[in-house]
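So the protein lines, in turn, are chains A and B. Numbering-wise (the working numbering), the first sequence opens with residue 4 and increments by one. Numbering-wise (the working numbering), the second sequence opens with residue 4 and increments by one.
One should not assume that every hint holds.
If several chains are the same, the list does not tell them apart, and a pair holds so long as it fits within one copy or across any two.
Said to hold, decoys possible - Think about it this way: if two alpha-carbon atoms lie no more than 16 Å apart in a straight line, the pair counts; the simulated EDC-like pairs of lysine to aspartate or glutamate are:
1. K84 x D133
2. K84 x D199
3. K231 x E247
4. K231 x E245
5. K52 x E245
6. K161 x E54
Rather than coming from a laboratory, the hints here were simulated on the basis of the structure.
2 protein chains.
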Amino acid sequence: MQEILEGPPDIVAMGNSISITRMAGLPEIRPGDDLSSLIIQAIRKNCGKLEEGDVCVIAQKIVSKAEGRLVSLNTVEPSSKALEFAEAFDKDARLVEVVLSESKRIVRMERGIIISETWHGFVCANAGVDSSNADAGLVVLLPSDPDASARRVRDSLKNEFDTEVAVVISDTFGRPWREGLVNVAIGVAGLAPLIDYRGQPDSKGHTLRVTIIAVADELASAAELMMKKTDGVPAVIIRGFEYERREASNQEMIRRGELDLFR
Amino acid sequence: MQEILEGPPDIVAMGNSISITRMAGLPEIRPGDDLSSLIIQAIRKNCGKLEEGDVCVIAQKIVSKAEGRLVSLNTVEPSSKALEFAEAFDKDARLVEVVLSESKRIVRMERGIIISETWHGFVCANAGVDSSNADAGLVVLLPSDPDASARRVRDSLKNEFDTEVAVVISDTFGRPWREGLVNVAIGVAGLAPLIDYRGQPDSKGHTLRVTIIAVADELASAAELMMKKTDGVPAVIIRGFEYERREASNQEMIRRGELDLFR
């Protein structure tokens, strides 16, 4: 029977805990709202201030709303392709039309489900177009440049709290083969979305060969645990996580077509 | 300009923070080790005790090692199929043979990559067979019944700390379309792996239509943030997360073939 190793744990530039705190009390976000200012108020209220290295994870929905990325279905003229799919699967043809217009490429369009690649390069259901948590007749599109959205909030937070922080914009995506949705990152600022362990020794001294970890996605998933869909808490602060600080882009998270076995 | 909502935040059976704490100091795990006992010692050392509702996330690798799920490549006789693939892509034919024998179905086998469905139903690279963090010439297989592994540890923790807790066994999987790997759950005990929000009202009072969140996967991803591949800290405690407590199974997390657009 082995015993637990004695002595202090081997900590390399890393505390033993991270915390995930919900920024409760954000109001319903409307087009034109100063999202950064509202998030700063929520941070003041929920945790006083930001500390160096804090990661603010923000749900895409409120970013899109503040940026006015809303479409009224009454203004949409469905194409014949949209009408055909909508008819076959009892869908709203105007919503299908919005999904098609937000799509660079259709990956699957069958059984009433549209999986497509957005103009940013994300592969997800309905090109990220969503009607939950929106007023009747309105649908919410993804931000047109989620990295820029993240940078704007990060710049405001950095300025307000006078310290280096990172921002992740998250959205809720499905995956093949597994039930349920998880949050992933669609925009980043101040944080490398991937950690590349290739070439580093593992705990046995062997070289890890193919391990690149998608930390931005894991931060988004961790944040979702405190957002919960029905609670309407669309921002959290993750404190204590060590990461590579640099300007980065959501494009790093997208697998290029020639490397993808599931085009 | 909107103001932050006044008054106490609307908290429903949920604190405002969760914590993720690494269980440092676990020794290298060997076949036959009493994993539960070692984890209990690590908990005593790192956070004193467990509290009601704590979730212990354990990396698959140490579960497999304790259960002796190791194969010495010297004992493997490759099939002609394994030899052919290994030859074409400069692989170890014995490793390919192990991967094939752990696979119920091959999903993709090209460009040197094998994506297959394991006998449990997980779709992942190399059927979860891994040679990192293992002694030379040995490869590590997934636990044969990860739910049973989770239940064994959960029972020990519950008995030791006299309170209801949950256990998640995690592994590191890739995904189509996105770069990098994330941790997902391959076994659960005491925790429903999915939360079904269908039929519940969203923040606008509309019914959420298709939102099932894979909380076990999000817990696994959150835990990975504190495990880090090269650090060798294969267990964490997540405290403060509210979840549905019940006996559950990894089979709930697997999308059935007839519902999957990416067979």
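Checked hints:
1. K84 x D133: neither (20 Å within a copy, 46 Å between copies)
2. K84 x D199: The answer is neither: 42 Å in one copy and 32 Å across copies each exceed 16 Å.
3. K231 x E247: between (28 Å within a copy, 13 Å between copies)
4. K231 x E245: Only across copies: K231 and E245 sit 10 Å apart there, 25 Å inside one copy, limit 16 Å.
5. K52 x E245: neither (18 Å within a copy, 25 Å between copies)
6. K161 x E54: within (10 Å within a copy, 36 Å between copies)
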